[in-house]
Amino acid sequence: MWTPILVAATGCYALKLAGLSVPQRVLDGVRVQRVAALLPVALLAALISTQTFGEGLDARAAGLAAAVAALLLRAPFLVVVAAAAATTALLRLLV
Amino acid sequence: MRPIVRDALGIGAATGAYGLSFGALASAAGLTLPQTCALSLLMFTGASQFAFIGLIGGGVAAAVATALLLGGRNALYGLRLAPYLRPRWLAAQFVIDESAAMAVRDTPAETRLGFWSTGLAVFAFWNAATLLGAVGGQLLSDPRALGLDAAAPAAFLALLAPRLREREMQRVAGIAAVAALISVRFVPAGTPVLVAAVVTMAAVLVPRETPGDAASGEATRGETASGEAASARGGAVSARGGAAPARGGAAPARGVAASARGGA
Chain A
1 MWTPILVAAT GCYALKLAGL SVPQRVLDGV RVQRVAALLP VALLAALIST QTFGEGLDAR
61 AAGLAAAVAA LLLRAPFLVV VAAAAATTAL LRLLV
Chain B
1 MRPIVRDALG IGAATGAYGL SFGALASAAG LTLPQTCALS LLMFTGASQF AFIGLIGGGV
61 AAAVATALLL GGRNALYGLR LAPYLRPRWL AAQFVIDESA AMAVRDTPAE TRLGFWSTGL
121 AVFAFWNAAT LLGAVGGQLL SDPRALGLDA AAPAAFLALL APRLREREMQ RVAGIAAVAA
181 LISVRFVPAG TPVLVAAVVT MAAVLVPRET PGDAASGEAT RGETASGEAA SARGGAVSAR
241 GGAAPARGGA APARGVAASA RGGA
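Chains as they are written, first to last, in the numbering used here: chain A, 1 to 95; chain B, 1 to 264.
Hints are computed from structural coordinates only; laboratory data are not their basis.
A couple of the hints might just be wrong.
The following label-pair restraints were derived from C-beta to C-beta distances [said to hold, decoys possible]:
#1 A:LEU93 to B:ARG185: 23 to 33 Å
#2 B:LEU33 to A:THR10: 46 to 56 Å
#3 A:ALA65 to B:ALA109: 44 to 54 Å
Virtual Cβ for every residue (Gly too), placed ideally from N, Cα, C.
Generate the whole structure from the sequences, applying the supplied hints.
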């Protein structure tokens with residue numbers, strides 16, 4: 001487990017340092033900027049769908065629904081996460 | 001206390017909430033206490049860390065690759081900050097969403113103060129909270145009984161939500177979510193996320209290779225930036241929107257600061 005941790009951490013640091021070090025024009029294209037804006041959205045959406053529905057429909061779906069409701073009510077981050085966990089746990093306890 | 005430093009501490013406290021969740025989830029994912037703390041100390045970029053611990057069970061390569069892809073935006077923040085920050089090797093570690101957003105200032109001195117005070121405040125709170133969360137997480141015997149496997153996607157959703165004001169972002173998120181879910185059946189564990197990212201980028205970018213689109217892309221980005229900054233709440237990753245609008249002046253960063261405190 002330590003090797004991937006150190007590799008990924010070093011890579012993330014290198015990316016930060018690269019931004020401070022490379023000439024402006026290298027990453028200044030419209031296309032690069034667009035990918036930078038869209039990629040995190042795509043990755044996060046993919047993570048949500050696979051981790052919620054990747055093993056079929058189960059109590060996690062209800063947890064995600066609770067998270068959506070909490071977000072719509074403008075709840076803070078911890079409340080959103082806690083609502084999802086509590087809903088899922090409760091459903092597993094009852095069913 | 002100077003307003004910039006006060007706002008920086010507010011944002012730091014707000015990210016503590018994310019740090020608590022991260023520590024607990026990392027423990028639930030099977031990382032030891034030192035490993036969890038090492039991620040927050042060394043990687044120190046929230047979305048990458050959440051993705052890493054979420055995917056590490058499925059495969060090492062996908063976890064590392066996704067963490068790096070998510071960390072790529074820090075390089076773009078660095079481009080704008082480069083003229084102001086020395087020494088680079090030290091400043092680099094603190095280039096994150098929040099510090100980049102708070103460094104959108106009118107003068108170089110305030111840019112530096114915004115960056116360093118926010119970067120250091122977030123670093124302190126994030127790592128302390130990670131430790132607390134990890135210690136708490138170690139005490140749990142069965143993470144599933146507490147619904148912690150649903151907590152991770154909920155955390156991702158909270159990070160994603162502030163970016164979904166725009167139709168294009170909603171389209172991207174929808175394509176990626178469906179593509180990932182379809183590919184789960186066909187590719188090794190962990191890689192559906194990467195497949196989805198590639199498919200989505202191809203779907204969204206390729207049809208737009210006409211000269212007139214450079215201008216519309218520019219306009220879209222401007223909207224994204226101000227829209228996200230205005231609606232940012234809860235701090236941490238939603239502060240990312242504030243980092244993009246170099247041309248937007250200091251107002252978006254202040255908005256982020258104020259709403260981040262509200263979220264804490």
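- Okay, LEU33 (chain B) versus THR10 (chain A) on CB: inside 46 to 56 Å? violated, 21 Å
ask   = Taking the beta carbons of LEU93 (chain A) and ARG185 (chain B), is their distance inside 23 to 33 Å?
value = Holds, at about 30 Å.
Given the hint of 44 to 54 Å, check if ALA65 (chain A) and ALA109 (chain B) actually sit that far apart at their C-beta atoms.
Hint holds: Cβ distance 48 Å, inside 44 to 54 Å.
Checked against the numbered hints listed earlier, the structure breaks hint 2 alone; every other hint is satisfied.
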